[in-house]
Amino acid sequence: MSENIKFTVDGKELEGQSGELLIEACEKSGIHIPRFCWHKRLEPVGMCRMCLVEVETPRGKALVPSCTTEITEDLVVDTESEIVTKAQEGILEFLLINHPLDCPVCDKAGECPLQDQTMAYGPGESRFVEEKRHFEKPIPISEVILLDRERCILCARCTRFSDEISGDPLIEFIQRGNKTEVNTFPNEPFRSYFSGNTVQICPVGALTSTSYRFKARPWDLKKVSSTCNCCSVGCSIELNTSQNKMLRILGEDNEFTNQGWLSDKGRYNFDFLHSENRVLNILNKSEDSFNEISIAEATVKIKDKINELDNPNIKFLIGSHSTNEEYFVINEVANYLNKDKFLSRDSSNVYFSDDLLFNGYFDDEYSKAKLEDLDSSETIVVWCEDIKDNLPILYLRIKKAVKNGAKLIVFGHTNTAIAGLADFYFGKGIVSNKFDLIVNPSEIEDLKNNTQGKKVTVIAGKSTVFQKKESLDKLINYLNESSELKVFNSFSKGNTFGALQNIDEVKGLNEFCNEFDNDAKNIVFTVGVNPVNSSHFAQPIKEILISSDFVVSMDLFINETTELADLILPTTSLGEKEGTITNMEMRVMKQNKILPAPGSTLSEWEYLTAILNILGGDVQYRNENEINSFLVKEYKDQQQVATFDNLNKPSNLFGVINRKEININTKDLHEDTFSLLMVRRLYGDSSTQINSPSISMLGAERFIELNSETAKKFGIKSQFGNLVQGSNSILINIDINEFLPDGLVVAPINRRGFENVDPSKEFEITEAKNREELSVN
Amino acid sequence: MKETLLLTKHMRENPEDSHLIDIYEKNNGYNAARKVLKENNPGEVIEEIKDSNIRGRGGAGFPTGVKWGFLAEDQERYLVINGDESEPGTFKDRILLERDPHQLIEGIIVTSFASNISKAFIYIRGEYAKPARRVQDAIEQAYEKGYLGKNIFDSGKNLDVVVHLGAGAYICGEETALLNSLEGRRGEPRLKPPYFPAVKGLYNKPTLVNNVETISSVPWIINNSGKDYAKLGVEGSTGTRIFSLSGHVNNPGNFEIEMGSSFGEFIDTFGKGIKENKSVKAYIPGGASAPWFKGSQLDIKMTIDDVADAKSMLGSGAVVVMDQDTNLVLAAKSIVSFFAHESCGQCTPCREGTTWLEMILDRIASGRGRTSDIDLLLDVCDNISPGLSWPPKMTTICPLGPSAVSPITSLMGSFRDEVESLLPKKVLINNE
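Sequence lines, in order, name chains A and B. 1 is the number of the first residue of the first sequence in the working numbering; add one for each residue after it. 1 is the number of the first residue of the second sequence in the working numbering; add one for each residue after it.
Hints are computed from structural coordinates only; laboratory data are not their basis. Do not rely on the hints blindly, as some may be mistaken.
What the hints assert, rightly or not - Straight-line distance between alpha carbons at most 27 Å, and here's what the computed DSSO-like set of lysine-lysine pairs gives:
id, chain 1, residue 1, chain 2, residue 2
1, A, Lys-40, A, Lys-400
2, B, Lys-38, B, Lys-145
3, A, Lys-521, A, Lys-305
4, A, Lys-407, B, Lys-145
5, A, Lys-649, A, Lys-667
6, B, Lys-205, A, Lys-403
7, A, Lys-61, B, Lys-393
8, A, Lys-403, B, Lys-38
9, A, Lys-61, B, Lys-192
10, B, Lys-200, A, Lys-61
11, A, Lys-455, A, Lys-403
12, B, Lys-119, B, Lys-192
13, A, Lys-179, B, Lys-38
14, B, Lys-119, A, Lys-86
15, B, Lys-150, B, Lys-119
16, B, Lys-192, B, Lys-311
17, A, Lys-12, B, Lys-393
18, A, Lys-179, B, Lys-67
19, A, Lys-222, A, Lys-593
20, A, Lys-223, A, Lys-455
21, A, Lys-61, B, Lys-67
22, A, Lys-428, A, Lys-712
23, A, Lys-12, A, Lys-86
24, A, Lys-86, B, Lys-38
25, A, Lys-61, B, Lys-205
26, B, Lys-200, A, Lys-407
27, A, Lys-400, B, Lys-205
28, A, Lys-403, B, Lys-200
29, B, Lys-67, A, Lys-86
30, A, Lys-223, A, Lys-40
31, B, Lys-192, A, Lys-28
Could you build the full structure based on these sequences and the hints that come with them?
Shown next, in the form of structure tokens:
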């Protein structure tokens with residue numbers, strides 16, 4: 001237990017907690033000590049020496065780095081003495097003698113700790129007259145990051161981040177002394193899902209992002225806080241724009257969620273906003289081409305179609321990129337069209353586009369987990385789709401918990417990235433290749449010993465569309481009975497939980513395909529989804545959309561799904577709309593608007609209210625805030641509801657946890673024959689990613705994973721091969737992954753080239769004979 | 001004045017084959033280890049070492065017995081022998097490793113027993129290929145005899161010894177950098193606190209780090225007694241010490257003497273005077289990081305405390321003599337260049353400062369200096385070692401940076417004229 005202690009800084013008596021670092025304790029009391037290498041989320045290293053202060057010791061006053069000194073009772077500190085001031089000036093002079101001072105062309109200038117602290121603590125001029133140290137500048141160290149070693153002050157923030165936080169130490173110090181430089185290893189680029197964080201924490205302009213380089217000066221940027229919607233962790237972000245263009249996304253330090261970090265997808269997936277491919281006007285299909293029409297024409301057309309088709313089935317296929325307010329309106333419209341006005345169907349007509357949607361563990365008998373529970377859990381159990389690829393910041397939070405002593409138990413076969421951190425990995429022999437639990441969980445000794453009676457958090461979800469819920473039930477119910485269990489439902493896509501909370505009843509893609517009645521009249525609304533591109537159900541959905549009588553798509557781009565629509569309503573995206581979103585712990589957070597909606601685009605709720613209006617529905621709201629005031633009424637905790645006003649309060653800036661009734665109604669697939677396991681990777685071929693030039697290439701690599709035994713069976717020896725299925729042949733990299741069971745081959749579902757692969761059909765892997773063959777293909 | 005041979009006796013008497021186990025055993029070898037393991041308990045051994053008052057021979061001169069007593073309790077504890085002898089002018093550990101490896105191994109056995117350690121590492125500088133080979137061979141011989149391995153000397157105790165070679169970094173002689181290097185990390189000193197080796201050392205376990213010469217002294221102390229050892233030398237600097245004498249002397253080499261005589265006497269007796277009968281302009285009493293003494297200070301006594309009182313250190317026992325014709329600016333530059341080259345690069349002042357000092361000295365030495373350079377040199381030094389006091393204050397994690405300051409403060413303190421003579425004359429403007 002830490003206790004309150006008193007210490008003295010610059011003659012003032014302060015209070016702090018025992019064990020606290022001096023630099024932090026001072027900061028809390030408003031005394032700023034300059035620093036470069038210290039970062040509150042990284043282990044202190046005391047290297048830059050900028051934070052030196054004088055403390056009294058039995059042997060007289062001594063200079064110590066405040067970032068490595070813990071406060072003790074009656075510690076007497078001087079942060080402004082002559083010797084401290086001189087040392088700080090000296091350090092800055094040393095840092096600057098080899099710094100290129102190319103601030104006029106440096107991205108960091110204007111928000112640069114080296115600049116700022118030189119102004120505040122540095123000497124006025126340099127006494128260094130020799131030639132400065134030179135390196136080639138800048139060098140690309142990955143697709144998204146450039147390194148300028150001349151600017152580097154060797155604070156080790158980037159190397160520590162890669163080692164301690166993300167666990168992929170692909171950048172390191174090489175050489176020593178005056179020749180020390182940060183660099184990557186030969187032939188190994190800094191290809192980390194989290195590499196962009198190093199740019200953000202770099203205290204100089206040594207690491208820069210390709211997407212932001214030379215784009216703006218910090219003092220010209222317009223900034224607003226918001227929430228990332230790339231996955232359901234809901235990282236706090238800051239949007240930076242200039243001249244109505246999104247230029248940069250930074251991570252904000254939200255103690256509850258991302259703690260400052262972002263995945264590179266969350267950070268760099270924004271260039272699409274300004275892509276020339278974006279649809280900016282309403283498109284109406286006539287014959288085989290689209291022509292532009294007005295919103296008035298479009299709503300009339302929808303109304304006419306509904307009337308003309310006479311009592312059609314109207315279905316909504318929705319995605320994860322809408323706000324809670326938009327889901328609320330979708331629900332209103334869907335209900336109105338489904339039962340209130342035209343029909344009296346009981347069953348829901350809203351389908352959520354996620355292959356891995358299942359009924360989840362939302363009943364009261366399961367206590368729901370919060371991200372902070374990971375830190376206090378004795379054991380974390382994971383059985384779901386790949387966390388590193390689909391919930392990257394949750395991966396970091398689990399990694400942190402494991403580092404602090406939590407035991408990690410991982411069930412196969414999709415979480416092979418996190419398996420590297422696991423204390424126990426239960427793959428073959430426990431989980432069958434069809435994702436059934438072969439062994440009774442109570443008979444797994446290591447599971448029992450580490451969970452029985454303990455605080456356990458489980459991240460539970462379908463690993464693959466073929467997994468049966470009952471196999472998961474066996475594990476979750478066992479844990480729920482035998483331990484103090486908290487459950488995360490691992491729905492990983494964007495604002496899934498917002499959709500679940502704000503729509504009365506949600507069905508899955510399985511139901512969408514099964515319930516389609518070809519003989520009836522059908523209207524389908526797709527809202528920000530592209531299942532035809534990368535879903536297990538791509539083919540049947542494509543057929544449904546083709547045979548439907550009228551398809552209305554709300555989206556940003558013309559893609560595999562929207563090209564089948566009769567009417568495309570171009571929508572808005574991150575930074576162009578305001579609203580709330582709900583993360584996987586039911587934390588409701590704010591998304592803010594900083595950009596005008598481009599062209600004639602409107603937000604989904606605007607289209608939907610216009611449609612509701614023309615169909616004679618009662619529209620009671622004129623903006624997002626008014627919609628919000630309706631939807632908050634259904635939150636269980638009415639003391640602290642997530643209204644816009646509430647979320648703007650300083651105490652709620654990082655969101656409030658609030659729950660609503662959740663009702664998912666989806667069934668497992670009947671078929672369970674599959675030969676190829678198709679999983680979602682972080683980078684893929686979504687229309688937003690392929691239209692964001694800085695990261696579009698990251699999703700280009702085609703690869704499969706299998707273990708060496710399976711490779712042997714296919715007779716593969718090299719790293720390259722072809723995946724052959726009928727007449728379809730894809731050139732692939734072959735990665736050996738020993739966590740996989742024999743016979744299982746894993747392929748990405750969301751990569752270009754894999755769209756025609758059918759996991760339920762037989763396939764072959766042939767070896768590419770040599771590199772020449774690769775280039776020919 | 002005569003040598004007193006404790007550590008180097010065996011190698012002097014058996015110049016050809018002192019490194020072989022049979023020869024070592026013929027000369028009373030391994031009796032100390034055998035006796036201790038049979039007859040003593042660890043506490044008694046530590047008491048014996050405390051009685052000897054021996055102080056560490058690596059440079060800092062910390063009382064060895066006290067250090068052993070500090071080792072934190074843990075199931076797993078390690079002994080690490082620091083054989084990364086890299087201080088310019090120091091070459092005493094080399095002969096101990098190369099020519100009497102069994103004496104060291106016996107010392108390791110006794111030390112490990114005293115501290116309840118079953119795994120020891122000998123870290124040898126990478127350039128010491130032959131000494132390392134000899135030590136490795138000796139370890140294998142000791143394993144064959146059952147002196148190392150399981151159940152050594154039938155005592156029920158186990159002890160494994162591993163030899164590890166450095167990769168050419170002076171900084172790995174600093175004990176925590178050595179531990180990093182041993183763990184396969186970059187050779188960079190660790191933060192103290194929290195990484196005091198006796199508490200959080202190798203693999204975060206309590207670790208005893210001792211110099212080769214210190215541990216090589218242990219068998220003699222056991223065979224005789226701590227009190228006998230303490231009778232040698234003077235109070236505060238008991239026992240013998242191997243001094244490495246180099247520079248402009250007629251007879252450089254390693255000499256084992258009792259501490260307490262004067263440097264002048266030592267240089268005359270063993271160095272056989274200065275080459276070409278010149279006089280001494282300056283000398284370094286304890287390795288490249290020690291501040292220099294002037295030729296007029298040859299009567300300083302060779303004890304840890306006397307040298308410290310005179311504002312330098314006996315350090316690793318390397319005495320480097322510079323005659324009257326030595327260009328001291330070049331001498332200082334040579335030492336500063338060494339430290340600049342060996343800086344690990346962690347701390348800003350050392351990484352940037354030592355190289356800058358080297359550049360300034362270089363331009364002074366080559367006649368391109370400026371009148372302001374003396375002030376600049378001293379101020380840069382002050383930014384590495386505030387106040388330029390002795391023992392040095394530091395703005396760095398370890399003392400390597402301040403070590404580069406020593407030759408410059410020596411130069412400026414005692415030989416400022418020599419530096420000024422290389423600079424353009426100050427033009428005095430009389431405003432009155």
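Evaluation of the provided hints:
Restraint check: the Cα-Cα separation between Lys-40(A) and Lys-400(A) comes to about 14 Å, which is no more than 27 Å; the hinted pair holds. Of the pairs offered as hints, the one joining Lys-38(B) and Lys-145(B) holds, with about 17 Å between alpha carbons and a cut-off of 27 Å not exceeded. For a cut-off of 27 Å, the pair hint linking Lys-521(A) to Lys-305(A) stands: about 11 Å separates their Cα positions. Of the pairs offered as hints, the one joining Lys-407(A) and Lys-145(B) is violated, with about 45 Å between alpha carbons and a cut-off of 27 Å exceeded.
For a cut-off of 27 Å, the pair hint linking Lys-649(A) to Lys-667(A) is broken: about 41 Å separates their Cα positions. The hinted pair formed by Lys-205(B) and Lys-403(A) meets the criterion: a straight-line CA distance of about 18 Å does not exceed 27 Å. As the CA atoms of Lys-61(A) and Lys-393(B) are separated by approximately 10 Å, the hinted pair is consistent with the 27 Å bound. Restraint check: the Cα-Cα separation between Lys-403(A) and Lys-38(B) comes to about 44 Å, which exceeds 27 Å; the hinted pair is violated.
Proposed proximity of Lys-61(A) and Lys-192(B) is supported: the alpha carbons are some 17 Å apart, at most 27 Å. The straight-line distance between the Cα atoms of Lys-200(B) and Lys-61(A) is roughly 26 Å, inside the 27 Å bound, and the hint therefore holds. A hinted pair counts as satisfied when its Cα atoms are at most 27 Å apart, and Lys-455(A) with Lys-403(A) qualifies at roughly 17 Å. Of the pairs offered as hints, the one joining Lys-119(B) and Lys-192(B) holds, with about 24 Å between alpha carbons and a cut-off of 27 Å not exceeded.
Restraint check for Lys-179(A) and Lys-38(B): the C-alpha separation of about 53 Å exceeds 27 Å, so the hint is violated. With a C-alpha separation of about 46 Å, the suggested pair Lys-119(B) and Lys-86(A) falls outside the 27 Å cut-off, and the hint is violated. Between Lys-150(B) and Lys-119(B) the alpha-carbon distance is near 11 Å, which keeps this suggested pair within the 27 Å criterion. For the hint linking Lys-192(B) to Lys-311(B), the alpha-carbon distance of about 25 Å falls within 27 Å, and the restraint holds.
For the given pair, Lys-12(A) sits about 26 Å from Lys-393(B) by alpha-carbon distance, which is consistent with the 27 Å threshold. Using a Cα cut-off of 27 Å, the hinted pair Lys-179(A) and Lys-67(B) is violated, with the two alpha carbons roughly 36 Å apart. Annotation: proposed proximity of Lys-222(A) to Lys-593(A) holds, straight-line Cα distance about 11 Å (limit 27 Å). Distance restraint check for Lys-223(A) and Lys-455(A): the Cα-Cα separation of roughly 41 Å exceeds the 27 Å cut-off, and the hinted pair is therefore not satisfied.
Distance check on the hinted pair: Lys-61(A) and Lys-67(B) sit about 25 Å apart at the alpha-carbon level, within 27 Å; holds. A C-alpha spacing of about 18 Å is found between Lys-428(A) and Lys-712(A), which places the hinted pair at or below 27 Å, so the restraint holds. Proximity of Lys-12(A) to Lys-86(A) is assessed by CA-CA distance (about 22 Å); at most 27 Å being required, the pair is judged to hold. With a C-alpha separation of about 59 Å, the suggested pairing of Lys-86(A) with Lys-38(B) is violated against the 27 Å cut-off.
Of the supplied pair hints, the one linking Lys-61(A) and Lys-205(B) is violated, its CA atoms being roughly 31 Å apart against a limit of 27 Å. Distance hint between Lys-200(B) and Lys-407(A) is fulfilled; the C-alpha atoms sit about 24 Å from each other, no more than 27 Å. A distance of roughly 23 Å separates the Cα atoms of Lys-400(A) and Lys-205(B); the hinted pair therefore holds under the 27 Å criterion. A threshold of 27 Å between alpha carbons decides the hint, and for Lys-403(A) with Lys-200(B) the separation of about 18 Å falls inside it, so the pair holds.
For a cut-off of 27 Å, the pair hint linking Lys-67(B) to Lys-86(A) is broken: about 36 Å separates their Cα positions. For the hint pairing Lys-223(A) with Lys-40(A), the CA-to-CA distance comes to about 23 Å; that is within 27 Å, so the pair holds. Restraint check for Lys-192(B) and Lys-28(A): satisfied, since their Cα atoms lie roughly 25 Å apart, inside the 27 Å limit.
In this structure, the earlier hints numbered 4, 5, 8, 13, 14, 18, 20, 24, 25, 29 are contradicted, and the remaining ones agree with it.
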